[in-house]
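K.L.:
The hints should help you fit chain B onto chain A, whose structure is shown.
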Amino acid sequence: VKTPQRPLFLARQSYRRRRAADASRFLPVVGVFLILLPLLRGSGGTAGLLAYLFVIWILLIVLAALLSGRLSRALSLPDTHEEDDPS
Amino acid sequence: VIPFNLLVAVCLGYVVFLFGIAFVAERRAMKGRLGWLRSPWIYTLSLSVYCTAWTFYGAVGYAARSGLEYLTIYLGPTLVLVGWWWLLRKLVRIGRTQRITSIADLISSRYGKSNTLGAIVTILAVVGTTPYIALQLQSVTLSFAVFAQSDLRPWAAADLNSTALWVAAGLSVFTVLFGTRNLDANERHHGVVTAIAVEALVKLVALLAVGIFVVWGIAGGLSGIAEMIAESPISQTDFNGGRWAGITFLSAAAVITLPRMFQVLVVENSDERHLAVASWAFPLYLCLMSVFVVPIAVVGLDTQPAGANPDLFVLTVPLSANSEGLATLAFLGGFSSATSMVIVAAIALSTMVSNHIVMPVWLRLTGAGAMVSGDVRHILITARRVSIAAILALGYLYFRLTGGSEALASIGLISFTGVAQVLPALLGGIFWRGATKRGAVIGVSIGFFIWAYTLFLPSFGPGGLMSPDLLTFGPLGIEWLRPHGLFGITGLDPLLHAMFWSLSLNALAFFAISMFGFPSPLERLQGAQFVNVFEHSAGARGWVQGVVEAEDLLMMSQRILGAEKAQTLFQQEAAAQGKMGYLPDTTALFLEQLERELAGSVGAATSHAMVGQIVGRSSVSVEDLMAVADETAQIMEYSTRLEAQSEELTRTARQLREANEKLTELSVQKDAFLSQISHELRTPMTTIRSFSEILMTPDTTTPQERKKFLGVIQDEAIRLTRLLDDLLDLAVLENGQVAMQAQPGNLGDLLDRAVMTAGASSAADDDTLTIQRSGGAENVALITDTDRLSQVFINLISNARKYCDAPDPVLSISTRRTQGRVEVDFIDNGSGIPKRAQAIIFEKFSRVSDGHAAGGAGLGLAICREIMENLGGHISYLPGQGGAAFRVVLPATAVQAG
Chain A
190 VKTPQRPLFL
200 ARQSYRRRRA
210 ADASRFLPVV
220 GVFLILLPLL
230 RGSGGTAGLL
240 AYLFVIWILL
250 IVLAALLSGR
260 LSRALSLPDT
270 HEEDDPS
Chain B
120 VIPFNLLVAV
130 CLGYVVFLFG
140 IAFVAERRAM
150 KGRLGWLRSP
160 WIYTLSLSVY
170 CTAWTFYGAV
180 GYAARSGLEY
190 LTIYLGPTLV
200 LVGWWWLLRK
210 LVRIGRTQRI
220 TSIADLISSR
230 YGKSNTLGAI
240 VTILAVVGTT
250 PYIALQLQSV
260 TLSFAVFAQS
270 DLRPWAAADL
280 NSTALWVAAG
290 LSVFTVLFGT
300 RNLDANERHH
310 GVVTAIAVEA
320 LVKLVALLAV
330 GIFVVWGIAG
340 GLSGIAEMIA
350 ESPISQTDFN
360 GGRWAGITFL
370 SAAAVITLPR
380 MFQVLVVENS
390 DERHLAVASW
400 AFPLYLCLMS
410 VFVVPIAVVG
420 LDTQPAGANP
430 DLFVLTVPLS
440 ANSEGLATLA
450 FLGGFSSATS
460 MVIVAAIALS
470 TMVSNHIVMP
480 VWLRLTGAGA
490 MVSGDVRHIL
500 ITARRVSIAA
510 ILALGYLYFR
520 LTGGSEALAS
530 IGLISFTGVA
540 QVLPALLGGI
550 FWRGATKRGA
560 VIGVSIGFFI
570 WAYTLFLPSF
580 GPGGLMSPDL
590 LTFGPLGIEW
600 LRPHGLFGIT
610 GLDPLLHAMF
620 WSLSLNALAF
630 FAISMFGFPS
640 PLERLQGAQF
650 VNVFEHSAGA
660 RGWVQGVVEA
670 EDLLMMSQRI
680 LGAEKAQTLF
690 QQEAAAQGKM
700 GYLPDTTALF
710 LEQLERELAG
720 SVGAATSHAM
730 VGQIVGRSSV
740 SVEDLMAVAD
750 ETAQIMEYST
760 RLEAQSEELT
770 RTARQLREAN
780 EKLTELSVQK
790 DAFLSQISHE
800 LRTPMTTIRS
810 FSEILMTPDT
820 TTPQERKKFL
830 GVIQDEAIRL
840 TRLLDDLLDL
850 AVLENGQVAM
860 QAQPGNLGDL
870 LDRAVMTAGA
880 SSAADDDTLT
890 IQRSGGAENV
900 ALITDTDRLS
910 QVFINLISNA
920 RKYCDAPDPV
930 LSISTRRTQG
940 RVEVDFIDNG
950 SGIPKRAQAI
960 IFEKFSRVSD
970 GHAAGGAGLG
980 LAICREIMEN
990 LGGHISYLPG
1000 QGGAAFRVVL
1010 PATAVQAG
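First to last, the protein sequences are chains A and B. To convert, note that position 13 of the first sequence is 202 in our numbering; the numbers rise steadily by one, no gaps. To convert, note that position 242 of the second sequence is 361 in our numbering; the numbers rise steadily by one, no gaps.
Treat each hint with caution, since some may be false.
Claimed, not checked - Cβ-Cβ distance ranges computed for the label pairs, FRET-style: (1) A/Leu255 with B/Ala440: 40 to 46 angstroms; (2) B/Pro352 with A/Arg214: 38 to 44 angstroms; (3) A/Leu228 with B/Gly151: 49 to 55 angstroms; (4) A/Arg214 with B/Glu762: 35 to 41 angstroms; (5) A/Leu255 with B/Val127: 46 to 52 angstroms; (6) A/Leu229 with B/Trp335: 30 to 36 angstroms; (7) A/Leu255 with B/Trp335: 28 to 34 angstroms; (8) B/Ile242 with A/Leu255: 38 to 44 angstroms; (9) B/Ala440 with A/Leu228: 36 to 42 angstroms.
The set of hints was computed from the structure by calculation and includes no laboratory data. Each residue gets a CB set at the ideal place from its N, CA and C atoms; glycine is no exception.
Bound-form chain A, shown alone (with noise of 0.2 angstroms):
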């Protein structure tokens, strides 16, 4: 029986198409990395802890909508096996 062959490498769109979804799934480690950080710190003024957190929360949102018009068009195109295949 034959099965279908999949490309082991990918056209250069596709590729950034996939690094573009594993940024998206990875910005959320970052998001823990830099909301968890300031537990190491030791005592500080709060004023300057709140800068700092809305200033990674504005981070987050502009890298999420950097990365949103991107993947939006991915979505917009034919479904592939995305799950398990060649990157």
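P.N.:
The following block gives chain B in isolation, referenced to the frame of chain A:
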């Protein structure tokens, strides 16, 4: 000071406005003019039901009490949203392909459409959400009270209670009107969602306005507020690392497990791409909602009298600064936050209650009820409406029981921890195929129990539902079972303690029991469907074809979907099967489709049970699975065979086409040959006839002339004979009839004789051809038909003699032995043979130069080729040698060893 009655009027006006929005949106949707109703912005704004009155009033109170910890409630969802590609997209895809109606439906459907699980999750959700609804009633009531206090007389408890009752009643009416309009939960509630989006804007604008007023109106700009923050008690609050991490996790879990969040995130989602926008826009919304919380808290603590409720700073700070307009706006914002949460939660919970509790009970009570005629829809709708009212009544009851004394934040977190018990079963269900129903049931139950014991029941306070003795000394005095110190761990904050034990034991039980259990076939099918949702979006094959009456199915479907929709569905299926009328064959595929269609209204478990009542068996067996697998294997084998056959056919067709081409070519060649031959024969015949006619008239010729004419006639006759000889020779050679007489000979001798013969046969006067030979290399002993080989050599040499057009023609004959074979090259220094002619020079009657200049019929090279083929060698034209060049190759068999 705003008169209280005016405030009530504004509030009612706002409610009427919301009704109008919902009504218009519903009308547009019914007309099919969806347009902006399906925009990603409406979707994103509808997610803001996450921000309830708890956010609007409670966040400020939270900040005033515990500093920055309030931010964790919004950072957790941010993490989930920015990682949407991993989790939310999968949930939304599963929700759409399986037509999921609620989080209870998702869990029940994943674990083999289990009713037990659906009911457990529903009860958990109702118990977990009730305090939350009470919280909303409480905050609306308190905000009314603030205005009433500033009006004439302070409110008594009775006033608070009646306000809460009125609010609850009003909300039930709104939710029933717009939330139970259509039965199919998959059909989006456009009216409700649009109204909620408007409320989302109102609460955002209100909170931002209060924040801007506080910072620039009271604190005197950014530097002023920074100073106030530094001086305020908030800066002195401890930063509790355990709670920081724990609540971040809890709120991340809550954003997917809260029934209302699941409703807006998954069930109301109409397009996966909306998630992409929400992934950054919703965190931005949360960020904007929390940006002014600390300033408001700081200013509130500074300006309000000691002992003022910090949960109401959003209202009391503008009020005490005498800006009534702003206070009214803030009031509307808080009202919006509370109402939107209650409406969506009530819709989500009523769907769950009617699908997972009322319908199964009703099915059981009525026995074989699925086949009874009559409309089930009114039962379902009634169940939903009653559920909505009951849920709000429960919320009101909780509000009365707790006396509205709890701080808003702690109620919210109790609720979060409760619904988070679904998380292990949910994540395990969509990422792990090995998760089993038994594991999920036991895990969720354990989590539910521990949560109730350690957090929910104690939340009513000592002497509420648990005696103070039990809280301090444990049940029956067993210390390690104390609700706030399970297994002797007493150092933890009660919330963290409850969260730690409930979720860890829940996950452990879920995992361990799944590991050692063996799921039923339907569970395994659904598991594969959920985990690999991106690979195959086809549904599980739950049914095998049986003797099912399509009529019974139609009867049942009409009762759930409505007559028109059900008939259309059946008619379409019948048409697809090529049948007339409304009754298609009840194939497995059709049953599956029907079941899913029904699941959109009553949930997967109930729909499965109802179809099962008629089909006669409510789950698949291993035999059915094997039958399906076997069928698949057969189809695959059959298609492989077909493929092989088709390949063979293609091959045969190609061969036939080639044979046909060859035949056509041969036929053309034959025609050409015939016309050539008649032409070649006719020319000498014409000459002979005309000269013999002259000779027949005796007086006109002299004896000399006569002799000359006879000579011509003889020459032509000889030519004719030679032509016929050649033709005969060729025919014999071509048919392979000639027997080659092998005899020993020497290549050098043969070439000598050929050069001599060719020289003799040519006209002596223009014989200027110089022949160069390769001497010793020619000394090769051969066993072959030497006469035939000489014939080839003679032909090649005389060709050179005839056609070489150089002023000093030179023919070099070089001999070489390679790999046992002998190659003899005949190369002259003429202009050679043009490229287009090279391919045809070995064909019969092919002549490079036109006319009869050299007197050949164009058969020489054809004969050479035939001879060489017969001798086992070959002759070919050798391009690129400066002149005409031919290579004669003698096979190894012809070369005598030594």
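K.L.:
Now tell me if each hint is right for this structure.
P.N.:
Verification of the hints:
| no. | hint | verdict |
| --- | --- | --- |
| 1 | A/Leu255 with B/Ala440: 40 to 46 angstroms | holds, 41 angstroms |
| 2 | B/Pro352 with A/Arg214: 38 to 44 angstroms | holds, 41 angstroms |
| 3 | A/Leu228 with B/Gly151: 49 to 55 angstroms | holds, 53 angstroms |
| 4 | A/Arg214 with B/Glu762: 35 to 41 angstroms | holds, 39 angstroms |
| 5 | A/Leu255 with B/Val127: 46 to 52 angstroms | holds, 47 angstroms |
| 6 | A/Leu229 with B/Trp335: 30 to 36 angstroms | holds, 35 angstroms |
| 7 | A/Leu255 with B/Trp335: 28 to 34 angstroms | holds, 32 angstroms |
| 8 | B/Ile242 with A/Leu255: 38 to 44 angstroms | holds, 43 angstroms |
| 9 | B/Ala440 with A/Leu228: 36 to 42 angstroms | holds, 38 angstroms |
The structure fails none of the hints (numbered hints given earlier).
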